[in-house]
Amino acid sequence: MHESRLRVLSSLVLAGGLSMATTAMAADYIQAAGSSLVFAGSYQGQAFTGRFPGFSTRLTFDPAQLATSRLDVTIPLASATTANKDYDEQLRGDAFFDARKYAQAHYVATKFRSLGGGRYAADGTLTLHGISKPVTLTFTWAAGAQPVLSGKATVRRLDFGVGSGDWADTSLIPDAIAVSTKVVLQAAK
Amino acid sequence: MSLRNSDERWGAVSQGFHWLIVALIVVMAYLGLTMVDLPNTPHKIAVYTLHKSIGISILALVVLRLGWRLYAGRPQRLTGIPTWQSRIASATHAALYVLLFAVPLSGWVVNSSTGFPLHWFNLVNLPPIASKSDALHAVVRPLHEWLFWTLIVLACVHAAAAIYHHLFQRDDTLARMLPRNWLRAPSTDRESSHA
Numbered sequence: 159m160h161e162s163r164l165r166v167l168s169s170l171v172l173a174g175g176l177s178m179a180t181t182a183m184a185a186d187y188i189q190a191a192g193s194s195l196v197f198a199g200s201y202q203g204q205a206f207t208g209r210f211p212g213f214s215t216r217l218t219f220d221p222a223q224l225a226t227s228r229l230d231v232t233i234p235l236a237s238a239t240t241a242n243k244d245y246d247e248q249l250r251g252d253a254f255f256d257a258r259k260y261a262q263a264h265y266v267a268t269k270f271r272s273l274g275g276g277r278y279a280a281d282g283t284l285t286l287h288g289i290s291k292p293v294t295l296t297f298t299w300a301a302g303a304q305p306v307l308s309g310k311a312t313v314r315r316l317d318f319g320v321g322s323g324d325w326a327d328t329s330l331i332p333d334a335i336a337v338s339t340k341v342v343l344q345a346a347k
Numbered sequence: 142m143s144l145r146n147s148d149e150r151w152g153a154v155s156q157g158f159h160w161l162i163v164a165l166i167v168v169m170a171y172l173g174l175t176m177v178d179l180p181n182t183p184h185k186i187a188v189y190t191l192h193k194s195i196g197i198s199i200l201a202l203v204v205l206r207l208g209w210r211l212y213a214g215r216p217q218r219l220t221g222i223p224t225w226q227s228r229i230a231s232a233t234h235a236a237l238y239v240l241l242f243a244v245p246l247s248g249w250v251v252n253s254s255t256g257f258p259l260h261w262f263n264l265v266n267l268p269p270i271a272s273k274s275d276a277l278h279a280v281v282r283p284l285h286e287w288l289f290w291t292l293i294v295l296a297c298v299h300a301a302a303a304i305y306h307h308l309f310q311r312d313d314t315l316a317r318m319l320p321r322n323w324l325r326a327p328s329t330d331r332e333s334s335h336a
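For the protein sequence lines, the chains are A and B, in the order given. Counting from 159, one number per residue, gives the positions in the first sequence under our numbering. Counting from 142, one number per residue, gives the positions in the second sequence under our numbering.
Hints should not be assumed to be uniformly reliable.
Pulled from the structure, derived: some chain B residues nowhere near chain A, Cβ distances all over 12 Å [unchecked claim]:
| id | residue |
| --- | --- |
| 1 | 165 |
| 2 | 210 |
| 3 | 212 |
| 4 | 225 |
With a straight-line cut-off of 20 Å between C-alpha atoms, the simulated SDA-like cross-links for lysine to any residue are [what the hints assert, rightly or not]:
| id | chain 1 | residue 1 | chain 2 | residue 2 |
| --- | --- | --- | --- | --- |
| 5 | B | 273 | A | 201 |
| 6 | B | 273 | A | 245 |
| 7 | B | 185 | A | 330 |
| 8 | B | 185 | A | 248 |
| 9 | B | 185 | A | 327 |
Since the hints were made in silico from the structure, they are not lab data. By construction, the Cβ of each residue, glycine as well, lies at the ideal position given by its N, Cα and C atoms.
Construct the entire structure; sequences and hints are all you get.
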């Protein structure tokens, strides 16, 4: 576990160094107000949705410079909420996020692809609940003074040990959790 | 035993409804009183789901039971029972029917107020009948339990009266809610005295 954390850390440092070296090539952005990061699943066949308040995004992106683009999202888990206090207690507790031990999730993508029609894919790595696995974010990009990234991803909760033990029962909560985000961006100063 | 109710006896259908609901209430009491303190695991969810599923089933059974009673009628009142006893018995029966609706309905409202699914025997999701609300939950959660205890007290009074009639009045009150010949003595006595 320490080793994998070290590896993540070192790759972060490496990627950070890379992005600093390439800032001249693609525009740097930070997250602006009006952004949201939400998730959706179902419990006993009834849909639920939740959100991650306080997530923060740093992005280096230019549709013409995908090779030097980079997305970095930090997601606090202790404030994740479904607006149902019983669900939230479980969600933040030991069997799911274990937010006391793993306070944040982290998503870093440095590989970007154009899907055509103004759509892009970022093949990144999500670190959640102490586990790092590849997750692909597909998104559209609306350029402007405040560009908007609108994206979707599917996170397989069991890949990250979220809902362990008896909670792994996918007839209760399916494995695939839909994540979607709208990030309003502004130029980094 | 005939399916329909005769002037003398409850038929098989009414008896079936009566005793099935008695058995389900016993199961529900056990589930309801023990499930609350279970640790938060999928096992607890399974027990709650069973409690909710049986509760909705009882509600449906009570609707059918009342419908059957309206359609098939009821046995005549037993002769020789004082009017005041008949009146108390009728009032108790009416109250029991009201509670057989009120307990499951209040449970459905409790569930609705929490926003939890109502996954009937893992087959189908039933809609909420009230909006999700902590304030509503704080009222209906204890109400559900008090209605339950009222039902239990009344059911015990009802059962005690039936047993009293059987053992001391030696009439057919209890025997006619059971298959013929299960409780032989009182009706045999009565028949021989009529002969």
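Outcome of the hint check:
no., hint, in the structure
1, 165, "holds, 22 Å"
2, 210, "holds, 35 Å"
3, 212, "holds, 35 Å"
4, 225, "holds, 50 Å"
5, B/273 <-> A/201, "holds, 16 Å"
6, B/273 <-> A/245, "holds, 14 Å"
7, B/185 <-> A/330, "holds, 12 Å"
8, B/185 <-> A/248, "holds, 13 Å"
9, B/185 <-> A/327, "holds, 14 Å"
Checked against the numbered hints above, the structure violates none of them.
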